[in-house]
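*Asks:* Be aware that the sequence shown starts at 35, since it is given in our numbering, and climbs by one per residue.
What the hints contain is simulated information worked out from the structure, not anything from laboratory work. Virtual Cβ for every residue (Gly too), placed ideally from N, Cα, C.
Pair ranges (Cβ atoms, derived): (1) 184 <-> 115: 12 to 22 angstroms; (2) 475 <-> 549: 17 to 27 angstroms; (3) 315 <-> 59: 46 to 56 angstroms.
Listed next, the in silico DMTMM-like pairs over lysine to aspartate or glutamate satisfying Cα-Cα at most 25 angstroms (straight line): (4) 419 <-> 468; (5) 417 <-> 455; (6) 417 <-> 564; (7) 417 <-> 553; (8) 417 <-> 436.
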Amino acid sequence: MSARRLGLPRRAVSQILLTQLAIAAGVALLATGLFLAPLSAQLDDQAMRRALAIAQSAAADPALAAGVLSSEPSADSPVQSSAERIRRATGAEYVVVLDLDGIRRSHPSADRIGLPVSTDPSDALAGREVMEIDEGTLGRSARGKVPLLAADGEIVGAVSVGIAYDSVRDRLLGAIPGLLAYAGGALAAGALAAYLLSRRIQRQTRDLAFSDIAGLLAEREAMLHSIREGVIALAPDGRIRLVNDEAARLLGLAPDATDDCAGRPLEDVLGAGRTADVLSGRVTGRDLLTVQGPRVLVANRMPTEDGGAVATLRDRTELEHLGRELDSTRGLIDALRAQDHEHANRLHTLLGLLELGLHEEAVEFVTEVAGVHRTTAEQVTEKVKDPLLASLLVGKAAVAAERGVPLRLAGSTLLPDRLVDPGGLVTILGNLVDNALDAAAGSTAPLVEVELRAEGRTAVLRVRDSGPGVPAGRREEIFTEGWSTKQPKAHRERGLGLALVRRLAERQGGSARAGEAADGGAEFSVVLPEALR
Numbered sequence: 035m036s037a038r039r040l041g042l043p044r045r046a047v048s049q050i051l052l053t054q055l056a057i058a059a060g061v062a063l064l065a066t067g068l069f070l071a072p073l074s075a076q077l078d079d080q081a082m083r084r085a086l087a088i089a090q091s092a093a094a095d096p097a098l099a100a101g102v103l104s105s106e107p108s109a110d111s112p113v114q115s116s117a118e119r120i121r122r123a124t125g126a127e128y129v130v131v132l133d134l135d136g137i138r139r140s141h142p143s144a145d146r147i148g149l150p151v152s153t154d155p156s157d158a159l160a161g162r163e164v165m166e167i168d169e170g171t172l173g174r175s176a177r178g179k180v181p182l183l184a185a186d187g188e189i190v191g192a193v194s195v196g197i198a199y200d201s202v203r204d205r206l207l208g209a210i211p212g213l214l215a216y217a218g219g220a221l222a223a224g225a226l227a228a229y230l231l232s233r234r235i236q237r238q239t240r241d242l243a244f245s246d247i248a249g250l251l252a253e254r255e256a257m258l259h260s261i262r263e264g265v266i267a268l269a270p271d272g273r274i275r276l277v278n279d280e281a282a283r284l285l286g287l288a289p290d291a292t293d294d295c296a297g298r299p300l301e302d303v304l305g306a307g308r309t310a311d312v313l314s315g316r317v318t319g320r321d322l323l324t325v326q327g328p329r330v331l332v333a334n335r336m337p338t339e340d341g342g343a344v345a346t347l348r349d350r351t352e353l354e355h356l357g358r359e360l361d362s363t364r365g366l367i368d369a370l371r372a373q374d375h376e377h378a379n380r381l382h383t384l385l386g387l388l389e390l391g392l393h394e395e396a397v398e399f400v401t402e403v404a405g406v407h408r409t410t411a412e413q414v415t416e417k418v419k420d421p422l423l424a425s426l427l428v429g430k431a432a433v434a435a436e437r438g439v440p441l442r443l444a445g446s447t448l449l450p451d452r453l454v455d456p457g458g459l460v461t462i463l464g465n466l467v468d469n470a471l472d473a474a475a476g477s478t479a480p481l482v483e484v485e486l487r488a489e490g491r492t493a494v495l496r497v498r499d500s501g502p503g504v505p506a507g508r509r510e511e512i513f514t515e516g517w518s519t520k521q522p523k524a525h526r527e528r529g530l531g532l533a534l535v536r537r538l539a540e541r542q543g544g545s546a547r548a549g550e551a552a553d554g555g556a557e558f559s560v561v562l563p564e565a566l567r
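Let's have the full structure, built from the sequences with the hints guiding it.
*Replies:* Right, here's the structure in full:
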């Protein structure tokens, strides 16, 4: 049944306030009851112990035992006088002295002297002390019974002392008003605290009903898990609050990781690296690039009011691939343009030789030109058996020639056509050669040297250039996403090539390092275990 059908308020703050007041009242009543229950038992115990103490004091009087042995039961006997004196002095309801036959020797009502007692005295006459609450001729009372001993230690009777039970009940009832006052004060303090808390909740929930909050939560969950942009919410201490489905996909997490990641530190889920640094805020900026697994991601981070943050992730992998394909296409176009220019010059030269009638020289010129191109292609295919890599190197050689940078293969180059992932090696080699050409283009004696060889099932790739080299202190930093000394192109960001090289190498269990070439410049080495079949 809904809150509206029950006549309850719909606002969340009102329902919370009523619930808190009901809880406070219930707790106050429960605490009062729990206090009164042991208090009643405690008062009963105190009354019985008091009765027993009076009985013990009376039995210790030698005159009582002597009077029981020397006198007969009567209203003016010394036993009656001593018992009444003790009763008046202690405020007890009665002090009854009885002999071994259970006959009363004293009683507040003189007409009961000489009559048997109304309760069983056998325990006291047997030498045992008794504490109890029982019903007698004078009503319900808290009783204490002790044996009465003669001077020689022989039991000659018993002393029974009673305290009116109404006095115990009066003490209990007298404690209730004070207890209720304390409970009322506690209830008032609880009500005030509940009101203040409800006002704070009202501000935080913006006076929404529970149904509205549930609806907003459902809409939030549906929206976060349906959008095609990764969203990660972080707590102030760096723990993950939420990971939507797209973020789990982009970060390479398991499909069910959206629930498992909640409450865990970011580094435990992603591991140490640039991605964790960007999402945690240790690296600041807008549209920050990071590489996670095979994906190139763009991350933005927005702090929240409570000290946490919400980070968004977008996939730029395809755009980066398109950008690199565009760069390759432009390189091929440049190579074709260079070849076209060179071909036009050669045709003009050939035409001039023919017009001058130098036929033998024309034949030699054509033979030489054709031999140079054939020699370059044959040299590459002779040492690099994989067609993709060979085609890449032939194309890069044409681009290098146009830029005035010789591109040559090292003498130790020999790579069979048994690559497991030739596409990955093409990406690695293309990035390294492009960087080497850029570095060597401004040097006095430009040169780029490529070495490709196999060591068992391991592929080893080295690219050397004649450029300025990489300082020793920055040879690890250059593999970080976003690090570059070049101006970014219009269609994509810089600083991803070397990061992708290392990531592709590590994904295959290998490594990528930067060092110094023997004759100066930079040398990049990539080792790929299990790269060949």
